[in-house]
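Chemist: Below are the chains, spelled out letter by letter.
Number of protein chains: 4
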Amino acid sequence: MTASSPDTPTTGRFVGREHRFPVRVYFEDTDFSGVVYHANYLRFMERARSDMLRVAGIDQRDAFANSEGVYAVADLSIRYRRPARFDDALVVISTVEHLRAAACVIQQRVMLGDELIADAKVTAAFITPDGRPRRQPPAWMDAFQRLLPESPDMIEESK
Amino acid sequence: MTASSPDTPTTGRFVGREHRFPVRVYFEDTDFSGVVYHANYLRFMERARSDMLRVAGIDQRDAFANSEGVYAVADLSIRYRRPARFDDALVVISTVEHLRAAACVIQQRVMLGDELIADAKVTAAFITPDGRPRRQPPAWMDAFQRLLPESPDMIEESK
Amino acid sequence: MTASSPDTPTTGRFVGREHRFPVRVYFEDTDFSGVVYHANYLRFMERARSDMLRVAGIDQRDAFANSEGVYAVADLSIRYRRPARFDDALVVISTVEHLRAAACVIQQRVMLGDELIADAKVTAAFITPDGRPRRQPPAWMDAFQRLLPESPDMIEESK
Amino acid sequence: MTASSPDTPTTGRFVGREHRFPVRVYFEDTDFSGVVYHANYLRFMERARSDMLRVAGIDQRDAFANSEGVYAVADLSIRYRRPARFDDALVVISTVEHLRAAACVIQQRVMLGDELIADAKVTAAFITPDGRPRRQPPAWMDAFQRLLPESPDMIEESK
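Protein chains in written order, with our numbering: chain Y, 305 to 463; chain B, 305 to 463; chain S, 305 to 463; chain R, 305 to 463.
Here chain Y stands alone, though its shape is the one from the complex (with noise of 0.2 Å):
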């Protein structure tokens, strides 16, 4: 599925624990004052998130098929530094902060070279199909060890 050909599109790639993901700023993502809107940038993170999952080895798709569960955006906020135009190309990086059993915590700035135009703090819950807190499946919680900051008791038994 992340074999590369050039019809595939991209996955990103990490970089050390931070995972990388251009994004192109089109049409569609702007509105009238002439810069990115506000809520697109959500966007762009909930792309770089879940392609982060792919590449770590977590099939949502699958997940989902088999009713064992999703990720739902619990919290969010961002921080808006300066905007981005049409035509920027665009890097979201993206760190695993903390893990929960289920949900984990996700620092994502948003750069335009070196320059930073976002930054947020994302919460990410696993629910079952009918909205309930549930445990992440144990393949899942292995793939995030690898993207942690190095203290492995950094993985809390969570509520």
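Hints are computed from structural coordinates only; laboratory data are not their basis.
Remember, predicted model here, so these are calculated numbers, not experimental data.
Keep in mind that a hint or two might mislead.
If several chains are the same, the list does not tell them apart, and a pair holds so long as it fits within one copy or across any two.
[As the list claims (entries may be wrong)] In the EDC-like style, the derived pairs of lysine to aspartate or glutamate whose C-alpha atoms are separated by at most 20 Å in a straight line are:
(1) 425 to 391
(2) 425 to 401
(3) 425 to 322
(4) 425 to 332
(5) 425 to 379
Given the coordinates of chain Y, work out where chains B, S and R should sit on it, guided by the hints.
Modeler: Coordinates of chains B, S and R only, in the frame set by chain Y:
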């Protein structure tokens, strides 16, 4: 459901066979060129169709929840006549042009006052949860009768 | 502009200092997991803010057309409490919490009946066409007075 | 700008006269019925057209910044053949069918492997900042030559 407290979203209304649905243009709808992004008219028109069906007594949510089926756009053509801009108060005027057992054809015009902004023809097909065409529920066929042009023999036996 | 023909989009209404704005959930707002996609609540909330300002007498279109400036979201935090679904009739309740010379802070709650779906805090900054912070027009500062919590000394001299 | 670091977004590539552009289906692209929302194919196709132009040497951002003009979709027809789903890796294949002084007609197919998902015909008109049709820059007309079907007399004198 169409009871009208001030907190209830509009569903538009019929004037004769024409369903009229108001839409405000917000930041999200525009792009950096200053006008409404072309794909967003499809969102406006889909809102209008959903509410036209609602007012006509067709409950799409129930049909999906009961695994009966769901409408999907099968084809669509649209002509963009003039741009609309931030803050414009548009009206989407929809009429059912044609009814088939498993589909309906709807004409839609997006107006800014007396100016035609865009006009489109949309075929919506009723499909099963796994994507096969299915006859619409009999109650829906009945509901559509009122919305069709005069001659009752317009209702075709479908392909 | 707020004259109400049946073809005029709603602008919501104030109940005391709270602006109440109805939003219907359409196909476009949901994702395959069955609920409203998290970024789309930001669109709902921005519609509500735009119309809160409109009702309060603030004309964003004019200010932009005259190159005075435009609001841009500077930061935002949101907590997703419960999912909303296709066809739900939501209400976005917005209150101005704080006013600064070049920004305002707005609390927003998305409700489904008595249920809290999401709540957020949004800072909108007034910026020049080239992106620098600018003092809001005096008429806007006046318009905001009515929307602020009782104590008139809440209005800070801003950075 | 098209130099290819791993952090640069793809621009797709030409295979003969066909521009091939990969698109991943993310959460944002789907709706509760489980498949890609119909209007979102227009976003995919617009991304592909923007990058086709970029690869062909046409700089839309510059033309807009210099107040020369911008492309706007004038009309569009699309036929939805099969649904695409979350996580699908699609390819948008675009070919220039026709060139006029102030417009171009582009055929686009959205593919999932060998399966046709949707096909469309799009007329994009070059317009001035205030919305009037304008002749495309000569350099753009030249750039398009390489993209047209064999017979050079396909290039019409336009209305």
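Chemist: A separate judgement is required for each hint: does it hold in the structure or not?
Modeler: Status of each hint after checking the structure:
| no. | hint | in the structure |
| --- | --- | --- |
| 1 | 425 to 391 | neither (25 Å within a copy, 24 Å between copies) |
| 2 | 425 to 401 | within (9 Å within a copy, 23 Å between copies) |
| 3 | 425 to 322 | within (14 Å within a copy, 29 Å between copies) |
| 4 | 425 to 332 | between (24 Å within a copy, 19 Å between copies) |
| 5 | 425 to 379 | both (8 Å within a copy, 12 Å between copies) |
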